[in-house]
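Next come the chains, spelled out residue by residue.
There are 2 protein chains.
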Amino acid sequence: MHDVTSVELGIDVLGMNKKLADDNRNLLDRHNIKAIDVMGSIGSGKTLLVEKIVDILKSRGIKCAAIAGDVSGEDDYNRYKSHGIPVENINTGKDCHLNAHSIEHTFQKMALDDIDVLFIENVGNLVCPADFPLGTHKRIVVISVTEGDDMVRKHPIIFGLSDVIVINKIDLSEVVEVDPKVITADAQKLAPHTKVILTDAKHGDGIEDLITSLEL
Amino acid sequence: MHDVTSVELGIDVLGMNKKLADDNRNLLDRHNIKAIDVMGSIGSGKTLLVEKIVDILKSRGIKCAAIAGDVSGEDDYNRYKSHGIPVENINTGKDCHLNAHSIEHTFQKMALDDIDVLFIENVGNLVCPADFPLGTHKRIVVISVTEGDDMVRKHPIIFGLSDVIVINKIDLSEVVEVDPKVITADAQKLAPHTKVILTDAKHGDGIEDLITSLEL
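So the sequences go chain by chain: A and B.
Residues are numbered in the working numbering as their position in the first sequence, beginning at 1, plus a constant of 126.
Residues are numbered in the working numbering as their position in the second sequence, beginning at 1, plus a constant of 126.
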């Protein structure tokens with residue numbers, strides 16, 4: 127019964143989300159903001175990656191902002207805040223993804239003319255965010271080698287629609303005995319159009335490659 | 127709009143799931159099966175923990191079985207299969223959780239009289255499975271220290287309703303600079319009734335404690 131209602135409901139919800147996402151995209155374009163939807167599992171390193179990118183872009187005079195999406199809490203919000211950029215927090219409660227409607231509301235609280243690049247960190251998992259585009263220019267998925275080498279095989283939908291796949295924490299590859307080459311091969315087979323970037327956010331490796339791949 | 131429809135829909139779906147979960151529980155009890163719902167994020171080590179428990183229980187003459195839940199693929203199914211136990215695979219497609227209805231169908235394919243302990247590995251994330259009890263006797267959440275120390279604070283619902291919280295991969299605590307004591311303290315504050323077990327599934331540490339906490 128859950129399956130049936132999901133499907134019946136899905137058509138309208140996804141269609142309405144798509145329309146609102148298009149509205150968001152138009153608004154972003156009018157304000158010359160480039161927006162990135164940062165998806166990926168809990169603990170994959172999404173927040174730290176964005177923090178590292180923000181520090182570099184700031185040093186180049188690019189004005190960054192962030193929206194932190196989580197089920198609950200202000201942990202990520204406070205981390206972004208400490209970098210001196212405008213941040214908004216969205217707590218989804220029971221929803222396992224952001225949606226275009228919540229982003230539209232959040233835009234109303236932000237000084238959009240003062241932003242060049244906006245990072246939207248989605249709720250941490252590899253399933254729900256896939257169906258709900260937010261109107262961003264790029265969508266990326268972050269995975270950590272500590273999650274194992276089967277992430278892409280297990281989640282073809284989210285990886286298939288991403289512009290960039292980031293394999294993070296590669297400094298831990300040996301200790302967890304996971305070869306990033308296996309994940310890269312799976313990704314290139316599933317989504318040949320998608321760029322795969324290897325990073326070690328903790329030590330700052332690969333961040334420049336990621337910035338280049340995002341055309342920031 | 128998504129929020130409203132979710133809420134309106136939620137009442138019936140969750141109520142119907144609860145009723146089916148009760149039916150599942152009655153069926154399990156009639157067959158003297160103890161069932162464990164194994165929740166937790168992708169890559170937290172759910173499969174390996176169950177594999178280690180199964181090996182120990184098998185050596186004690188306890189008949190185990192498993193249901194592997196994933197969005198896509200047969201990776202976990204094949205891992206369980208290699209231990210010589212009955213396994214069923216559930217691919218949820220786009221659903222980020224198992225539900226009682228899918229479990230009820232799966233039971234019809236299993237020789238329930240030949241099972242003492244059944245492990246049901248839920249889809250990997252810390253949000254969706256919380257709302258959908260399956261009728262198991264225990265629900266556990268597995269997290270890995272590699273996910274960071276803020277997992278419990280960020281996901282109060284799933285941790286609040288769990289019988290056992292497993293903090294896995296503690297052998298990596300130092301290298302990822304995450305102190306299991308912080309996670310344990312958060313868990314004990316949020317859910318004082320819940321047992322917290324530290325494990326290193328890869329090297330077999332803490333598995334006996336986990337078996338004891340599950341009363342297997």
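Derived by calculation from the structure, the hints in this document are not laboratory data.
What you are looking at is a predicted structure, and each value in this text was computed from that prediction instead of being measured.
Heads up, a few of these hints could be off.
As the list makes no split between identical chains, a pair holds if one copy fits it or if it spans any two.
Listed next, the in silico DSSO-like pairs over lysine-lysine satisfying Cα-Cα at most 30 Å (straight line) [claimed, not checked]:
1. K328 x K264
2. K220 x K145
3. K145 x K235
4. K315 x K235
5. K315 x K220
6. K207 x K307
7. K307 x K220
8. K184 x K315
9. K328 x K145
10. K328 x K307
11. K145 x K184
12. K307 x K184
Taking the hints in turn, this is what the structure says about them:
Within a single copy, K328 and K264 get their C-alpha atoms as close as 23 Å, which meets the 30 Å cut-off; across copies the closest is 37 Å, which misses it. For the homomeric pair K220 and K145, the shortest alpha-carbon distances inside one copy (23 Å) and between copies (21 Å) are both at most 30 Å. Taking the closest pair of Cα atoms, K145 and K235 come within 30 Å of each other only inside a single copy of the chain (21 Å); across copies the shortest separation is 43 Å, beyond that limit. Taking the shortest alpha-carbon separations for K315 and K235, neither the intra-copy value of 41 Å nor the inter-copy value of 34 Å comes in at or below 30 Å.
Within a single copy, K315 and K220 get their C-alpha atoms only as close as 34 Å, which misses the 30 Å cut-off; across copies the closest is 21 Å, which meets it. Only between protomers do K207 and K307 lie at most 30 Å apart by alpha-carbon distance; the minimum there is 26 Å, versus 35 Å within a single protomer. Taking CA atoms no more than 30 Å apart as the test, K307 paired with K220 passes between copies only; the shortest distance there is 27 Å, against 35 Å inside one copy. For the homomeric pair K184 and K315, neither the shortest alpha-carbon distance inside one copy (36 Å) nor that between copies (39 Å) is at most 30 Å.
Proximity of K328 and K145 under a CA criterion of 30 Å is satisfied in neither setting, with 38 Å inside one chain copy and 47 Å between copies. Both within a single protomer and between protomers do K328 and K307 lie at most 30 Å apart by alpha-carbon distance, with minima of 20 Å and 22 Å respectively. In this assembly of identical chains, K145 and K184 lie within 30 Å of each other by CA distance neither inside one copy nor across copies; the values are 32 Å within and 54 Å between. Taking the shortest alpha-carbon separations for K307 and K184, neither the intra-copy value of 32 Å nor the inter-copy value of 35 Å comes in at or below 30 Å.
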